[in-house]
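With these hints in hand, go ahead and build the complete structure from the sequences.
There are 2 protein chains.
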Amino acid sequence: MKIIVDAFGGDNAPLEIIKGCRMAKDEYGFQIILAGNEKKIKKVCEENNLKTDDMEIIDALDNISMEDEPGEILKSKSQSSMAVGLQNLADGVGDAFVSAGNSGALVTGATMITKRLKGVLRCAFAPIIPKNKGSFMLIDSGANSQCRAEMLRQFGIMGSIYMEKVMKIKNPKVGLANVGVEEHKGDILRKESYKLLSESGINFIGNVEARDIPLEGADVIVADGFTGNIILKLYEGMASLLFGKFKEILSKNLKTKLAASLILKDIKDMKNQIDYNQYGGAPLMGISKPVFKAHGSSTAVTIKNAIRLTGDYVKENVTKTISEVLEDMNIKKQDGNEQN
Amino acid sequence: MKIIVDAFGGDNAPLEIIKGCRMAKDEYGFQIILAGNEKKIKKVCEENNLKTDDMEIIDALDNISMEDEPGEILKSKSQSSMAVGLQNLADGVGDAFVSAGNSGALVTGATMITKRLKGVLRCAFAPIIPKNKGSFMLIDSGANSQCRAEMLRQFGIMGSIYMEKVMKIKNPKVGLANVGVEEHKGDILRKESYKLLSESGINFIGNVEARDIPLEGADVIVADGFTGNIILKLYEGMASLLFGKFKEILSKNLKTKLAASLILKDIKDMKNQIDYNQYGGAPLMGISKPVFKAHGSSTAVTIKNAIRLTGDYVKENVTKTISEVLEDMNIKKQDGNEQN
Numbered sequence: 130m131k132i133i134v135d136a137f138g139g140d141n142a143p144l145e146i147i148k149g150c151r152m153a154k155d156e157y158g159f160q161i162i163l164a165g166n167e168k169k170i171k172k173v174c175e176e177n178n179l180k181t182d183d184m185e186i187i188d189a190l191d192n193i194s195m196e197d198e199p200g201e202i203l204k205s206k207s208q209s210s211m212a213v214g215l216q217n218l219a220d221g222v223g224d225a226f227v228s229a230g231n232s233g234a235l236v237t238g239a240t241m242i243t244k245r246l247k248g249v250l251r252c253a254f255a256p257i258i259p260k261n262k263g264s265f266m267l268i269d270s271g272a273n274s275q276c277r278a279e280m281l282r283q284f285g286i287m288g289s290i291y292m293e294k295v296m297k298i299k300n301p302k303v304g305l306a307n308v309g310v311e312e313h314k315g316d317i318l319r320k321e322s323y324k325l326l327s328e329s330g331i332n333f334i335g336n337v338e339a340r341d342i343p344l345e346g347a348d349v350i351v352a353d354g355f356t357g358n359i360i361l362k363l364y365e366g367m368a369s370l371l372f373g374k375f376k377e378i379l380s381k382n383l384k385t386k387l388a389a390s391l392i393l394k395d396i397k398d399m400k401n402q403i404d405y406n407q408y409g410g411a412p413l414m415g416i417s418k419p420v421f422k423a424h425g426s427s428t429a430v431t432i433k434n435a436i437r438l439t440g441d442y443v444k445e446n447v448t449k450t451i452s453e454v455l456e457d458m459n460i461k462k463q464d465g466n467e468q469n
Numbered sequence: 130m131k132i133i134v135d136a137f138g139g140d141n142a143p144l145e146i147i148k149g150c151r152m153a154k155d156e157y158g159f160q161i162i163l164a165g166n167e168k169k170i171k172k173v174c175e176e177n178n179l180k181t182d183d184m185e186i187i188d189a190l191d192n193i194s195m196e197d198e199p200g201e202i203l204k205s206k207s208q209s210s211m212a213v214g215l216q217n218l219a220d221g222v223g224d225a226f227v228s229a230g231n232s233g234a235l236v237t238g239a240t241m242i243t244k245r246l247k248g249v250l251r252c253a254f255a256p257i258i259p260k261n262k263g264s265f266m267l268i269d270s271g272a273n274s275q276c277r278a279e280m281l282r283q284f285g286i287m288g289s290i291y292m293e294k295v296m297k298i299k300n301p302k303v304g305l306a307n308v309g310v311e312e313h314k315g316d317i318l319r320k321e322s323y324k325l326l327s328e329s330g331i332n333f334i335g336n337v338e339a340r341d342i343p344l345e346g347a348d349v350i351v352a353d354g355f356t357g358n359i360i361l362k363l364y365e366g367m368a369s370l371l372f373g374k375f376k377e378i379l380s381k382n383l384k385t386k387l388a389a390s391l392i393l394k395d396i397k398d399m400k401n402q403i404d405y406n407q408y409g410g411a412p413l414m415g416i417s418k419p420v421f422k423a424h425g426s427s428t429a430v431t432i433k434n435a436i437r438l439t440g441d442y443v444k445e446n447v448t449k450t451i452s453e454v455l456e457d458m459n460i461k462k463q464d465g466n467e468q469n
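Chains as they are written, first to last, in the working numbering: chain G, 130 to 469; chain U, 130 to 469.
Read the hints as simulated data drawn from the structure, not as lab findings.
Misleading hints may appear alongside valid ones.
[To be verified] Computed footprint of chain G on chain U, listed as stretches where at least three residues anywhere in the stretch have a Cβ under 8 Å from a Cβ of chain G:
#: 1; stretch: 270-282
#: 2; stretch: 353-361
[As the list claims (entries may be wrong)] Some chain G residues well away from chain U (every beta-carbon gap over 10 Å; in silico):
#: 3; residue: Lys-171
#: 4; residue: Asp-197
#: 5; residue: Val-222
#: 6; residue: Asp-224
#: 7; residue: Lys-260
#: 8; residue: Glu-293
#: 9; residue: Asn-300
#: 10; residue: Lys-362
#: 11; residue: Leu-370
#: 12; residue: Lys-384
#: 13; residue: Lys-418
#: 14; residue: Asn-446
Just so we're clear, the structure is a prediction, and the values are computed from it rather than from any experiment.
We put the beta carbon where it would ideally sit given N, CA and C, even for glycine.
Rendered as structure tokens:
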């Protein structure tokens, strides 16, 4: 398996990215192709005593920053490591692409250069997020601010396939993020999506209130990208608030400091368990080949984890299954129309 | 000041409601008018040795349940305690109305029976929610699933007035819940709302990402009712998840149980501080007279707190100020149009 990695994406590029690739190669044995300025990569590796002679390099002279407008990946930044990496993915040079760079540019670039799977209306960011027991996929968490019901139906289908194949959850429960559990709840988008999701051959359990998302919820939570992003970031904000308050208590006085010494390890374990960063980022679902968005703040370990997950994404042939399921639905729809 | 209270709204009606009224009367000296079946009220009071002879009762034979369709308040449930209470509020029998009953029915009833303030497009639920330091108003938290930008502008104005007058925050910061801080972020509704809020003469600080809502955020968070409801309930769900996990740790073994004994009081204090239920419910903003929605699960103390907050809502003349500000804006708009 060959995984192309954007060596110049993210806050800690290129050093931490290359280090992460080194770790992934040593640990999982994947072939790694680094996309980025070859001279700079070699210089950094030399300075840091990093061995990369067993990795390919695709030379790309430019890079796209977090501040660049997404559309620039097709224009002034068409020679960036991200654009060149995505082009090589499209050309079949590698099996998947990982980047910790500009999210908007990755959506635009993956859509326009690597292209969506046939029949997919929109690609979606789909992070795996820990909940009370296990974890769930939140799809879409921010690629599309404005969605139609048919898109949400596809998000549900793609999420279900990913959770079953990669996360090994049998018959994953798919829920629609909504303001009440009853079928008639929510705005027009939710009502229409509810209907379409019910008719999609997946294990659709209906609406899930936001209160239940971190508790029992579902294995896949379907949302438009606006709502999904609110959920994702509030998750993070609330964890930050509560751990902050807890920390205040534990350092308040001698008594609470003693308590802290007794539970510090457990608290740390819990914090790690709740931290959605543990998964290294989010697959971009719906593209013709696996694309994975690692966190902008990725360190070497994050990149290693992102590459491992991307490996599973490739190995389990998720894109092929999505493509087959959507095609099958389309044929059935056409048959239905013909019979009418 | 006369406050009408729906004696038959909420899971614990009528006993806990009447008890709460008793406490509020004794503590704050408000005149209380109970709306509900007089016979039943008297029977409950007798059985529980509750003194209510210093409260008026408005007889209402029926009541509306949590399962009733909101619209029924105008039809089959027009003689319910909620409908009769709202009618008496409209007729000037009392200065405000408090109910722990069916939220949807309260929105419909308040809008159709008591009526909105002139110029207000939609009323909105606006709970006060604790954050890292202090608290914020979330407006709308669920009265309107589908909103236009002009409504969000009014939510911002109403929230700003309430926080200044009732919560005594000078020049409250108003933020728009969005997926990024930059002006161009979000869907069409957000982009249009951003523009209108900027031109509203309030202290609009721009977009607030969901991550920052529980941390620094703003004093007023403006959202459509769908997004607001997701925020409100995820707040609750995350608090539940994290306190649940803390609890697991603290009862894990002898060592952590010892730690628990040292910090239990602090944890409880923190839990109370974070609990948005401490405020007893949410004002329904935009109605011609103060209407307050207490939590469905209200106990006597919740009702007492709800009545106290409602008293402030009346005393500070919030509805009059909202009405004046909106009228003033309208005049300026007309002047502007005439000049063009």
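The hints, checked one at a time:
1. 270-282: It holds: at least three residues are needed, and the stretch 270-282 of chain U offers 3 whose Cβ sits within less than 8 Å of chain G.
2. 353-361: It holds, with 7 qualifying residues against the three required.
3. Lys-171: Consistent with the label, Lys-171(G) stays out of reach of chain U, its closest Cβ about 36 Å off (over 10 Å).
4. Asp-197: holds (13 Å)
5. Val-222: Label holds. Min Cβ-Cβ 33 Å, cutoff 10 Å.
6. Asp-224: Asp-224(G) clear of chain U: closest Cβ-Cβ about 31 Å, beyond 10 Å.
7. Lys-260: Nearest chain U Cβ is 7 Å from Lys-260(G), so the label is violated.
8. Glu-293: holds (25 Å)
9. Asn-300: holds (24 Å)
10. Lys-362: violated (4 Å)
11. Leu-370: violated (4 Å)
12. Lys-384: violated (5 Å)
13. Lys-418: holds (27 Å)
14. Asn-446: holds (32 Å)
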